[in-house]
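Colleague: Input sequences plus hints: build the corresponding full structure.
To convert, note that position 155 of the sequence shown is 155 in the working numbering; the numbers rise steadily by one, no gaps.
The set of hints was computed from the structure by calculation and includes no laboratory data.
Ideal Cβ positions, reconstructed from N, Cα and C, are used throughout, including at glycine.
Check each hint, because a few of them may be wrong.
[As the list claims (entries may be wrong)] Straight-line Cα separation of at most 27 Å, DSS-like style, residue types lysine-lysine; simulated pairs:
{"no.": "1", "residue 1": "Lys219", "residue 2": "Lys247"}
{"no.": "2", "residue 1": "Lys152", "residue 2": "Lys65"}
{"no.": "3", "residue 1": "Lys201", "residue 2": "Lys152"}
{"no.": "4", "residue 1": "Lys219", "residue 2": "Lys233"}
{"no.": "5", "residue 1": "Lys64", "residue 2": "Lys12"}
{"no.": "6", "residue 1": "Lys2", "residue 2": "Lys201"}
{"no.": "7", "residue 1": "Lys152", "residue 2": "Lys236"}
{"no.": "8", "residue 1": "Lys258", "residue 2": "Lys233"}
[Unchecked claim] Each pair of labels, with its calculated beta carbon distance range:
{"no.": "9", "residue 1": "Asp120", "residue 2": "Lys152", "range": "18 to 28 Å"}
{"no.": "10", "residue 1": "Glu144", "residue 2": "Leu285", "range": "29 to 39 Å"}
{"no.": "11", "residue 1": "Glu243", "residue 2": "Gly136", "range": "50 to 60 Å"}
{"no.": "12", "residue 1": "Lys20", "residue 2": "Arg316", "range": "39 to 49 Å"}
{"no.": "13", "residue 1": "Ser141", "residue 2": "Ile196", "range": "27 to 37 Å"}
{"no.": "14", "residue 1": "Thr17", "residue 2": "Gln139", "range": "37 to 47 Å"}
{"no.": "15", "residue 1": "Glu18", "residue 2": "Ile242", "range": "49 to 59 Å"}
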Amino acid sequence: MKELIQIIQQVKELQKTERKFVLATVVQVDGSAYRRPGARMLISEEGDWWGGISGGCLEGDILKKAQLALYSQEYKSITYDTREEDPFALGIGLGCQGVIEIHINPFQDQINQLVTALEDHIQGNVAHTLSICYAGDFQISLEEAAESHASKWAEDTFTEFLPAPMTVWLFGNQFDSHAFIHQAALLSWRVNWVGILSKMKANLPVNGRSSYEDFGTIKNSDYVVMMTHDLDKDVKILQRLIELHTKPAYVGILGPKKRFEKLQNHFEADLVTQLPIATPIGLDLGAEGPEEIAISILAEILSIKNNRNGQRLHLRDRAIHE
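Modeller: Written out as C-alpha cells, the structure is:
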C-alpha cells in the first residue's frame with residue numbers, strides 16, 4: 001500500500017513539471033523472487049525512480065529498458081530468469097531463483113488512468129480486483145472483490161488483487177500509543193486514534209481523532225488495538241463492540257492474562273467466543289519498550305491479515321509465497 005501511495009504522489013509531481021515517465025510492473029513470477037506480481041517501479045526520463053521490482057538487483061537493467069520504451073513509445077516486456085547458470089546471463093549469482101516477467105508502459109495517459117483507479121481503491125475500505133488490458137484499446141477496470149485471489153497475466157491482460165486498505169482503531173493516548181502510530185505510518189496504515197482529546201499529540205500521522213464517547217463505526221474488516229491502560233475503559237469499548245454486533249478482524253488488548261480475567265468478570269458470555277481477541281497482545285518477540293512492543297503488535301496484525309502463524313521462515317515447510 002505504501003508503494004502505491006508513493007507512486008501516485010510521484011506521478012502527480014512529475015505531471016506538474018511536465019517530465020515524462022514510464023511504469024514498470026511485475027506481472028508474473030515463477031519460482032522465488034523478492035517481489036510479487038503487482039510490484040511497481042515508476043521511472044522518470046532523467047532516470048529517477050520510485051518503488052521497485054526486485055531487491056535492487058534488477059533495477060539497474062530496468063532503468064535502461066525504461067529509457068528505450070520511453071524513446072520508442074512502445075510497450076516492452078522483459079523476462080529475467082535468475083535460475084540461469086550461464087555466467088554471462090543477467091541474474092547469475094542473485095539471491096532469488098525464479099523467472100520474473102516485467103511489463104513497461106511508457107504512455108502517460110494510460111498511467112494516469114491507472115493512478116485514478118488506484119486512488120479510488122485507496123480512498124475506499126474494500127478489496128478490489130484491478131484488471132488492465134494492454135491489447136488493442138487500453139482498458140482498465142476496478143471491481144469490488146468478494147475474496148482474495150491470485151494475480152494473473154494472460155493475453156496481454158494483468159489481473160491483480162488489491163486488499164482492502166489497512167484500517168486500525170487505536171484506543172489509548174499514553175506515550176506507547178505514539179510508537180505504534182509512527183510504526184503504522186511507515187506501512188501507510190490508516191490509524192483512527194481514540195482517546196482523551198486534550199491529551200492526544202497534534203502532530204502524529206493519524207487518519208482521524210475521536211473521544212472514547214464518540215469514536216464512530218468500526219467495520220468487520222478493521223483491526224482494533226486497545227492500549228488504554230484503563231480496565232473500565234476497556235470494558236466499555238468491548239461492551240459497545242458487542243452491543244453493535246461488530247466483529248472486527250482482530251481485537252488486541254494490552255496487558256497480561258490476569259488482567260483479561262478481570263475484564264471477563266464484567267461479562268456473562270465468554271468474550272473470546274464473541275470477539276477475535278488476542279491478549280496479551282503481539283507476537284512473542286521478547287519485546288521491551290514502546291517501539292519494540294509496537295513492532296510485535298504490527299507483526300501479529302500482519303500475520304492475521306495474511307493468514308500466517310508468525311513462525312520463523314526457516315521452519316516453514318512450504319513456499320514463502322504460495
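Colleague: Which numbered hints turn out to be false for this structure?
Modeller: 3, 7, 13, 14
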